[in-house]
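S.K.: Residue numbers (this note's numbering): 20 to 554.
Hints are not guaranteed to be accurate.
As the list claims (entries may be wrong) - Result set (SDA-like, lysine to any residue): computed pairs, CA atoms no more than 20 angstroms apart in a straight line:
id, residue 1, residue 2
1, Lys-239, Leu-282
2, Lys-262, Gly-117
3, Lys-154, Leu-282
4, Lys-532, Arg-477
5, Lys-154, Met-250
Simulated from the structure, these hints should not be mistaken for lab results.
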Amino acid sequence: MSQGADEPQKGDSQRELARRAGVVTVGTLASRVLGLVRDQVIAAVFPVALTDAFVVAFTIPNALRGLLAEGAVSGAFVPVFTEEQELRGREAARSYFGRFTGSMVVILATVTAVGMYFAPEIVALYADGFDPERKALTETLTRWMFPYIFFMGVAALFGGALNALHRFAVPAFAPALLNVALVAAAFAAVPVARHYGASPILALAWGVLLGGVLQVAAQKPALIHAGFLPMPVPAFRDAAVRKSFALMVPLLAGLGVYQLNVLLSRRLASHLGEGAQSYLYFAQRLVELPQGLFAFAVATATLPTLSAFRAKGDRDGVSRSFGDSLRLSTFVGVPSSAFLFIAAGPTVSVLFERGSFGALEVTETAKALVCFAPSIWIVSLVRTTLPLFYAANDTRSPVIASAVNLVAFLAVGVSFLDSLGHVGIALANSVASAAQLAALAFLGRRHVGREAFRGFGRSTGVATLASAALALAFLGTRVAGAAAGLHASRAGQVGVYVVATVAAALAFLGTAKLLRSAELDALVSMVARRRRGAR
Numbered sequence: 020m021s022q023g024a025d026e027p028q029k030g031d032s033q034r035e036l037a038r039r040a041g042v043v044t045v046g047t048l049a050s051r052v053l054g055l056v057r058d059q060v061i062a063a064v065f066p067v068a069l070t071d072a073f074v075v076a077f078t079i080p081n082a083l084r085g086l087l088a089e090g091a092v093s094g095a096f097v098p099v100f101t102e103e104q105e106l107r108g109r110e111a112a113r114s115y116f117g118r119f120t121g122s123m124v125v126i127l128a129t130v131t132a133v134g135m136y137f138a139p140e141i142v143a144l145y146a147d148g149f150d151p152e153r154k155a156l157t158e159t160l161t162r163w164m165f166p167y168i169f170f171m172g173v174a175a176l177f178g179g180a181l182n183a184l185h186r187f188a189v190p191a192f193a194p195a196l197l198n199v200a201l202v203a204a205a206f207a208a209v210p211v212a213r214h215y216g217a218s219p220i221l222a223l224a225w226g227v228l229l230g231g232v233l234q235v236a237a238q239k240p241a242l243i244h245a246g247f248l249p250m251p252v253p254a255f256r257d258a259a260v261r262k263s264f265a266l267m268v269p270l271l272a273g274l275g276v277y278q279l280n281v282l283l284s285r286r287l288a289s290h291l292g293e294g295a296q297s298y299l300y301f302a303q304r305l306v307e308l309p310q311g312l313f314a315f316a317v318a319t320a321t322l323p324t325l326s327a328f329r330a331k332g333d334r335d336g337v338s339r340s341f342g343d344s345l346r347l348s349t350f351v352g353v354p355s356s357a358f359l360f361i362a363a364g365p366t367v368s369v370l371f372e373r374g375s376f377g378a379l380e381v382t383e384t385a386k387a388l389v390c391f392a393p394s395i396w397i398v399s400l401v402r403t404t405l406p407l408f409y410a411a412n413d414t415r416s417p418v419i420a421s422a423v424n425l426v427a428f429l430a431v432g433v434s435f436l437d438s439l440g441h442v443g444i445a446l447a448n449s450v451a452s453a454a455q456l457a458a459l460a461f462l463g464r465r466h467v468g469r470e471a472f473r474g475f476g477r478s479t480g481v482a483t484l485a486s487a488a489l490a491l492a493f494l495g496t497r498v499a500g501a502a503a504g505l506h507a508s509r510a511g512q513v514g515v516y517v518v519a520t521v522a523a524a525l526a527f528l529g530t531a532k533l534l535r536s537a538e539l540d541a542l543v544s545m546v547a548r549r550r551r552g553a554r
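Modelling step: build the complete structure from the supplied sequences, incorporating the hints.
M.R.: Right, here's the structure in full:
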């Protein structure tokens, strides 16, 4: 095939990926915006002494959710589900879904029961530096929230099946329900907790449980409509189910290494005094906003496509799809890192400075955010690269890369803990992510051809130059606002921040357009088609 004939195929591929990622992005945007509101409410209502306990308690079931639910879905369920559908037909895929779901329900229920029973021992692993009062509160919160693993495990399986069927909208919007439940709990359930003499932070644990139930309930009708909700029947000896679990074992090892990183972060922070857990949490939440909006969206939209190409033996298709996802991730990852790096202080102040969250909390959170910011682009590329391995049923390489991440985190985190405190932990996370990406790049060479990286250098250069324009626009607007005396009032500070952010976004998009960014063109085409379809 001639090059000229191939170009439209590449363009169509990138536009289709952008369209699918766009659907996920819109849903994820709703979830992330509500998540931001949730964090604003938590920061304003609860002092850091209480949020420290909640952060650790929520980390524990959330870590296991990542291992047993989302990790199992992305690396072990979706590839086999797609293979069953491509090679054996829709009914075979439906039957496999019922058997795998039934098997996972047994595992999730067992883990939930064990976790609730051994909550004190588990909390000691994550926060051995807590004083007895905070440790007891964390144990109580952990017991309440452990069933969240079960509900989120089922929700992740439902979402994985819908994504594999290219029905991205419902799974993308479902996580927003957790944030709705938490915001409602912060207002409605706090008085109930106080009435019964319990800590007010317990209201958030109730909200977490409600959020898990709502996510299952929201996705069930979509599966019924698709005709893909068979009776879940445990079938641990079934060939396809065993294949999924065989894929899951090394995958869990890799994710386990990552969760060990999270455990060590919490454990180290528990020795730094009151507030350290909360400063890291709120900073990381801001970093996860663009990561969740774009990197997760691109990775979610890419995995079924990569799995389908791999099942058909289409190496060129794999390379094209992977290359498109890399460039899209770079286009949004670089400016996101640049913005939060230069705007850390103003961003934290505008979003969180109210109620129990004062000037000290703003300063300490902003310090952590500066060190987290570079990881946005890095982690975006990591998340974009992982589906390449999962689609190839290669779950061993991500384990190796995760081990590299852990070693780098320990080396940097321990070295800078005494001198930088919680900021050293944030720095260690960014360095560790960079080390993991380097390992994935080295190990992933055999899965794609050189075509995957064609144009990547130019895309990175365009994103970098456009991000420089973004930085100049933001800082210039801030300086102009200060010269005009607009920073004297809270309303003026917020107004200058909003105007500066809009100016920065316009500067980035304008520069990208002048430099003829293919990724910008793909996103614009996607938006235009969606508008035409809505008419």
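S.K.: All hints are to be evaluated individually against the structure, with a verdict given for each.
M.R.: Hints, verified against the model:
1. Lys-239 / Leu-282: At roughly 33 angstroms apart (the allowed maximum being 20 angstroms), Leu-282 and Lys-239 break the hint.
2. Lys-262 / Gly-117: holds (15 angstroms)
3. Lys-154 / Leu-282: holds (15 angstroms)
4. Lys-532 / Arg-477: Status holds; Cα separation ~14 angstroms.
5. Lys-154 / Met-250: violated (41 angstroms)
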